[in-house]
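Quick mapping for you: the protein sequence lines, in order, are chains H and Z. The opening position of the first sequence corresponds to residue 645 in my numbering, with each subsequent residue numbered one higher. The opening position of the second sequence corresponds to residue -7 in my numbering, with each subsequent residue numbered one higher.
Treat the hints loosely; a few may be bogus.
[To be verified] Reference excerpt, derived from the structure (chain H facing chain Z, CB under 7 Å, subset only):
no., residue
1, Trp686
2, Leu701
3, Val703
4, Phe718
5, Leu741
[To be verified] Here chain H is said to cover these stretches of chain Z; the calculated rule only asks that three of the stretch's residues, wherever they fall, bring their Cβ under 8 Å from a Cβ of chain H:
no., segment
6, 98 to 105
7, 129 to 137
8, 170 to 180
9, 196 to 210
Hint data in this document are derived by calculation from the structure and do not stem from the laboratory. Just so we're clear, the structure is a prediction, and the values are computed from it rather than from any experiment. Think of the CB as a built atom: it goes at the ideal place given N, C-alpha and C, for glycine as much as any other residue.
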Amino acid sequence: MANHMHDPAHDEGHAPSPFHATLRDYAIGFALSAVLTAVPFWLVISHALASSLATALIVTGFAMAQMVVHMVYFLHMNGKVEGGWTLLALLFTVILLGIAISGSSWVMYHLNANMMPVPGKMDGMG
Amino acid sequence: MTAATPTAGADGARAAKAKAKANPAASLTARYYALDEHDHPEGFSTALGFWIYLMSDCLIFAMLFATFAVLGGNYAAGPGPRDLFDLPLVAVNTTMLLFSSLTYGLAMLAMQQGRVRGTQAWLAATALFGLAFVGIELSEFHHLILEGAGPQRSAFLSAFFTLVGTHGLHVTFGIIWIGVMLAQLGKYGLIAANKRRLMCLSLFWHFLDVVWIGVFTFVYLIGMLR
């Protein structure tokens, strides 16, 4: 302890960096989220688009956009909080998430497709 | 460098600081020369640590989403999403959670302004929206189970109840945490420790809303399109 140089610059790197929230952030985040929630629900309930695939893709896009909106305006994510470590941890998690979900779907879809057809199998499988 | 050797005293440290000011490269060296354990303010790493916890929680949900993606079409000749889901009800539920995110944000603003009563009031509003959310979800589950579409009916319903139930359980614990913080604020006010806890709870609560975006999109909306 005695030998530790008390360097102010060093402390800055460690100090808790509480975010400073503003009403503007929450208002923008809420308004954007409301729109990004309402449109997908409307698309699915009203069957506005003939193609289910197109609707699914658009709905997924809206969900991704809303997740980013929540991250930025509600969770106050940016590259500066905690010296960028939270953003790095988030990116790492997103990569794992992508591998787990897309990998599982891919493998299991092909597993189902490669199964021997079973006569009289119950419908709705796969 | 000499400033950090065991023989260096306060004079040495002062000399090194002066040197560091004159030469930026020297100050860079000094910053990376802390070999000893040194003091940190209490809770300095709580926010990052809590964020790492949330990321691990995120992985739990990733696995449950992956499970649902794999099993979501296996109805075992039982009811599917079109037969079971009530989208207007899900929209109301989503709205409850979105409002609760806004009211939690307003609680954080009140906290920043040092208003204990305001913080408590907005936290209570958040808890009420959270309770409405959990209440609607439980009534949905109750309805499904009464219809014979319980978690044991098909792989789709097992995956559905696990994923949505885990999220609902998180929200329930969030509400309990809000209750604890209301009591803490009533007893100790806006002390540094309570502000830190409220910040962690804020991350937790907003994180649950982000997970819910995934749930209502991939389970309910896309389920209806299957």
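Legend entry - Hints not upheld, ascending by number: Numbers 1, 2, 7, 8, in rising order.
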